[in-house]
Amino acid sequence: MEWFDNGWGLSLVVFLPLVGALALLAVPKDEEDTAKWVALLTASASLFFAIVAAFRFDYGDAGTFQLGTVKEWIPAIGSNFEIGIDGISLPLLVLSTAIVVLSIVYSWDHWPEPHNPKGFLILILFLATGMAGTFVALDLVLFFVMFELVLLPMYFMIGIWGDKTKMKLPGFNHEVETRLYASIKFFLFTLFGSAFMLLGFLALNFRGGTFSIPELTALGANGAFTGTFAFLVFGALFLGFAVKVPMWPFHTWLPDAHTAAPTVGSVLLAAILLKLGSYGFIRISIPILPNEARDWAPAIAILAVIAIIYGSLACLAQKDMKRLIAFSSVGHMGFVMLGIATLTPVGITAAVIGMVAHGVITGMLFFLAGSMQHRYHTREMARLGGNLKLMPVLGGIFGFTAMASLGLPGLAGFWGEFMALLGSYEPLAGLSLGVFRTAMVVGAIGTVLTAGYLLWMLQRVNLGEPSEEWANHEFHDADRFELVAWVPMLVSILAIGIYPKIITGPANDAVKAMIETAF
Amino acid sequence: MLDYHALAPDLIIAGTVLAVLGADLFLPQERKWWSAVIGIFGLTLALIPIFTLAVDDSSLRSMFGGSYVIDDFALVLKTFFIITGYVVLLMSVSYIESDRYYQGEYYFLVLASLLGGMVMASSRDLITLFVGLELVSGPAFLLAGWRKGDAKSNEAALKFFIIGVLSAAILLYGMSLVYGMTGGLTFEEIRAGSVTVSDEPVFVLGILLVLVGFGFKMSAVPFHFWAPDTYEGAPTPVTAYLSVGSKAAGFVGVLLVSYLAFAESPEIWGPALWILAVLSMVVGNLVALRQENLVRLLAYSSIAHAGFMLVPFAAASLLDSGDLEKAFAATLSYILIYGMMNLGAFAVIIAGARRVGSGQLRDWAGLGSYAPGLGVLLTLFFFSLAGIPPLAGWFAKFVMFQAVLQDANGWTVALAAIAAVNAVIALYYYAKVVKGVWMDPVPDSVNPKGVPGRVAPSLGLALGILAFGVILAGVYPSVIAEFTEAASFLAGG
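Chains as they are written, first to last, in the working numbering: chain A, 520 to 1038; chain B, 17 to 509.
Simulated from the structure, these hints should not be mistaken for laboratory data. Careful: at least some of the hints might be erroneous.
Pairwise CB distance ranges, derived in the manner of DEER restraints [what the hints assert, rightly or not]:
no., chain 1, residue 1, chain 2, residue 2, range
1, A, ALA737, B, GLU498, 28 to 36 Å
2, A, GLY949, B, GLY480, 56 to 64 Å
3, B, GLU498, A, LYS1020, 43 to 51 Å
4, A, ALA545, B, ARG306, 50 to 58 Å
5, A, THR684, B, LEU305, 24 to 32 Å
Here are the computed lysine-lysine pairs in the DSBU-like style, where the Cα-Cα straight-line distance is at most 35 Å [stated by the list, open to error]:
no., chain 1, residue 1, chain 2, residue 2
6, A, LYS687, A, LYS838
7, A, LYS704, B, LYS448
8, B, LYS448, A, LYS838
9, A, LYS683, B, LYS465
Glycine is no exception: its CB is placed at the ideal position from the N, C-alpha and C atoms.
Isolated chain B (complex conformation):
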């Protein structure tokens, strides 16, 4: 007898995916947005079993021979993916409706991709993890090419697809090596089997290839080059989803394999991730300085943020006596907070681009003078990304530094110092956007009176939820920390 209670969230989303696809057949063209309503309803419904599972005492439910579990980590991430889904759907409604085609399929694909993330959160073996990851990526390839008439959108989808397939191949090859060396598929078996082979070059190669595979998903330097083009070409709500949901899926994968499967050999993945972290922060931030397009700017900023999220991993392996749970919780907190503020930044860009008519930084100058509400929201999200208290971003940076410095040695101190300098560099380009919005005159090319002023209600709701979250998590970070602390037990075993 299957534990249907434990599977309920995923099953509900799977049902919703099918319902959206089916409903699309019968909905008339002007009512296609009902698909989004069905999606939102399904997401809400899925939260109910998550809640009942969370309050249930027997917190660990293991299924299919330990391949699929429900624990605090899985619940926190499932909730994160569902909320990301909510916001992305809200952001999409007005945007997709204006294009007038394949709306039903759009929502189907977004929800299917989300389901992949939820599966990953529960997966505890390599195959389930891989299936989950591909379920995240597959629909995302299609979503990136949504604007069929637009050459840039086609380029985005093609680049994303080729890189995605390449990374999947590398990942699978790495996984097969790991399986071959350890003889196990579940993380527990791999961990047990890795003790004897941890010095074998093939095993080391396997680990590194797995990391490279996930590196593409996380868009960490040097596996990042697809991200800016794809982000720029894809429809903006899709970009928001890619930069948060898809990236988070990559991090879920790395968190699981590093802390569970490869827990016995941090000396292999630690230094590799140290390098990835430093490169991502430095390259992402420096290139972002020169960006003139807002979406590209956020693309590079999200690369830099991937670096910040990797910092605790890198430190974890170098700690002599520090505790891994802190590092784990730090990365997880960072992902959750980053998700909120990055979605917020994209939501502002969607709303603002309607108003301004372009995504070029120079055209956004003076936005604050004719759309003060949007200006305030933009300031909120961008300075949160920069990590300025009392906005949520400060706490993400704070726990990251805390995780690095819990046991100081030369490598961790150097990493912390590099991260600190990068936090300052990042401020410059975030502040550049804010400066343009509030302090520069409106350019002649933009006519503030010529465009409709109101933000679509669904988009407004998304902005409201995210702004509230960013302020709440900044002033009272326990709303995030409580959950990530509970979820970080994974790293303790």
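If we strip away everything but chain A, and leave its shape as in the complex, we get:
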């Protein structure tokens, strides 16, 4: 297995989906079954190798990068193909590869219109490579390329298969289809952020002389980056990552994109793409620019709690179920960012487990919202009701997932919120206690609001008697493809909830090592 540990394993995880996508190009359009199997097999192989990586991973040494390699890539600019994983990226890598497989399984029988499984699968596989690549990249240029690689597939996914209802543009008189507006908005926002992120990366390269994240981390810990320079660089990186997370007030692309995207697109967006931003903070901004992180932390914490409260209140104002779930992401990512802002092992570990939990739970909620829309042909909560009676299995799963999302102890959502609040009680020495303890209190109020809107959603959609519109309608309950896709997610929600150490174990060691080096 030596070849596996020398970077080949991780390379397979990252590039197998890409190979699958290229193979799909050669598959004739009408041979849908072949296309599906090629996609499923390559994605599953990628997941398999990610799991093997999890077993080969040395958990006693979770703070150092493992299973990686450094190969010459673009010597002219000093960039290498440098990859590796530690306790922080490992859970995210497994999560992203798993969600891709489950998305393909779910799609098996649920293709969005216009019907074109081949094109859709190619985009999913491209996304898979970009997402996994971002989590293993240890070179800023490689990170940038992978970070951007997810843009195009998601743009097409929203723009071609997205919501076709007309909407009125704010400030304009004419109407456009939602998918067109949402896709370009998503693209422009993200590209705006990443253009500045790239400037930040280049600036780090000139001061540090390298693109390697581990080397820059070591330099950063020794105080190589200070003053106005560091302030500007942190600001540039902040723009890039904050748009992706998204933090308030850069979040406005999110509700549009999530709502307009086809089901699988929303799932991948919520489950993985948002994590690329918060992962960037943990992997790049904080360890390389620790002093700036300390200066910016109160501001990040304040923006995070604004996001928590704002997201929750916005949820309470939604009529559309999918849009409600989209706004709930703003709030949940607020908890992740609050955890990161504390700069403590507890807080950042909270962020990691919060990211994984949000990925599984919100991904699941979007699956459910998609399946319900498929049956009711509407997402308007006022028209729904009594879902539990009409479809007991699907309704039950919906209730369970919503409970997980509101942070019920014993389910995955609890740990991220709880630990983030715990962390902000005692942030890193030197950070303003006043700000963080206020943030803790406000965040705690946010958990109540979160419970409020999720229960409100359940009450309107799931409980009560079916309205006259649906009462005599025959619905088919969750089918086998849906169940195959969902059961692993439900099991992991429960597993993480009961035994969070599967995530926090490796993550905590890595975070501790990182914080010790940085501060």
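Use these hints to put chain B onto chain A, whose structure you have.
Just chain B now, with coordinates in the frame of chain A:
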């Protein structure tokens, strides 16, 4: 004894030019496309001495008293012009054949213009540079007016001609001032002579006039106004050539004079190019947003790209301790990558216009649904122009930003920020085209079944080469960076 080995590439192309013209006399009408075959054969032949010169150890060969040299820079650019020539010939065959006249002369003119670019790459004095530049432009005037019956084509040629002559006059006047002040014609002499006169207003005026002259060739704002009309009116393969070959020739000129002849006075050309860069990016991109015609859209986008290519120059002069070679290599990489992706975009437009029957954006809607292959290629080239990884355009933008930020001060940071914002604006109009192709319904005016589906084999080959290049250079940019790094030694001296 002349160094015929060093001159071989240019001589072979010159011979090919004559062979094409001669062959045209004897070829029957239906076999005129043989001229293109002869041209392609000549271009291939010219690559052989380039290769042997490249592997030869004595990398610098200087002739005619240092006026004409073969070094890594010259070799890289000669190769670039030859490959551009290949692709343009491949793109032209089916297009020109359908017009049925003066095919032989067409290929003659394209090759003659290419020869001008190759001469420029080797030129190291003002006169050779000027002769090379005019050899690029002269045939291009004729090519722009190729569609004689078309008023727009006539307008294109006339505008291009008048502006071209004007810019040549300005350029020559500037050169004469520089010669008068420094007493030298070769770049080395000018550089040596400029030390004592660098504060003289006349010398400053000379430099600025030279820049203005090249500014027209590069179609940098505010010297760009001919470009959109000329690009729209000229036959599309010619437009592709103008936007790549002719523009690259302008940049070769600016690279040579700025980094060699005026190397002692970057404080003069630096700020001037800073302004040109910012204006070109901003104006080019903002006007491109409103374009409804694909060729005009690409015309403005190519103006914006000229701005991006100027950014490293502008930065070079403002750097306190940064190294010029990086800036030089950045511009050169940008030119090479831009050449590939812009030729690709035009090749797609040629192929698509046959299918759609128009160059209007609204008629291209839904192309992806009935010609998915073309749709994918269009997406590839347009998003590469936008600079989205992993397509080649990202590396061009990357090295540009790298060159600017290597030594940060207020001016360079501002330039980088403006460039970053412009990169985002540019995405909008590239994405608008792609959106139309994939996400909008086919308009009633277009009948997808009514036109022949197949792309001409030569055009298909050109598309294949360019698509491969764009992906390869995006995934493994060393294929570009190795060469530009080698060529950037020029800026070091």
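Hints versus structure:
Roughly 29 Å separates the CB atoms of ALA737/A and GLU498/B, a value that falls within the hinted 28 to 36 Å. Separation of GLY949/A from GLY480/B is about 60 Å and conforms to the stated range, judged on CB atoms against 56 to 64 Å. In this structure the hint that GLU498/B and LYS1020/A lie 43 to 51 Å apart at CB holds, the actual value being about 49 Å. With their beta carbons about 40 Å apart, ALA545/A and ARG306/B fall outside the hinted range of 50 to 58 Å.
In this structure the supplied range 24 to 32 Å holds for THR684/A paired with LEU305/B, their Cβ-Cβ distance being about 26 Å. Pair hint LYS687/A plus LYS838/A holds up; C-alpha atoms about 17 Å apart against a cutoff of 35 Å. For a cut-off of 35 Å, the pair hint linking LYS704/A to LYS448/B stands: about 12 Å separates their Cα positions. For the hint pairing LYS448/B with LYS838/A, the CA-to-CA distance comes to about 31 Å; that is within 35 Å, so the pair holds.
For the proposed pair LYS683/A and LYS465/B, the alpha carbon gap of about 26 Å is at most 35 Å, so the pair holds.
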